[in-house]
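Under our numbering, the residue at position 6 of the sequence shown is numbered 6, and the numbers go up by one with no gaps.
Calculated directly from the structure, the hints in this document are not laboratory data.
There's no promise every hint is true.
[What the hints assert, rightly or not] No farther apart than 25 Å at their CA atoms in a straight line, the calculated lysine-lysine pairs in the PhoX-like style are these: (1) K37 <-> K24; (2) K37 <-> K21; (3) K21 <-> K62; (4) K32 <-> K62; (5) K24 <-> K62; (6) K32 <-> K21; (7) K37 <-> K62.
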Amino acid sequence: MPERTLTLTNQRGLHARAATKLVKCGQQFSAKIHVYKQNQVADAANIMSLLMLAAPCGTELKINAEGDDAEQALEAIQALFDARFEEDQ
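With the hints as constraints, model all of the structure from the sequences given.
Structure (structure tokens):
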């Protein structure tokens, strides 16, 4: 199961808008995606689950995906993180 460790660099961290973008990004793929923050796990298809991680800027998250297009899903999520969730700050 492929995984990546990514750091939130957008100013507000994983807030509602960023979580929505992450969910929409993951919905493009059939892979099952999970996001881990220390001992917490969130289903990347569930906005509330992601928000419960309470992940501010600077938080390191482990993201894994399982399925036929898992690697492509992680590449798209990495691009979203690299673009700082397309936020100005």
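Now the hints, each set against the structure:
| no. | hint | in the structure |
| --- | --- | --- |
| 1 | K37 <-> K24 | holds, 20 Å |
| 2 | K37 <-> K21 | holds, 18 Å |
| 3 | K21 <-> K62 | holds, 17 Å |
| 4 | K32 <-> K62 | holds, 14 Å |
| 5 | K24 <-> K62 | holds, 18 Å |
| 6 | K32 <-> K21 | holds, 16 Å |
| 7 | K37 <-> K62 | holds, 7 Å |
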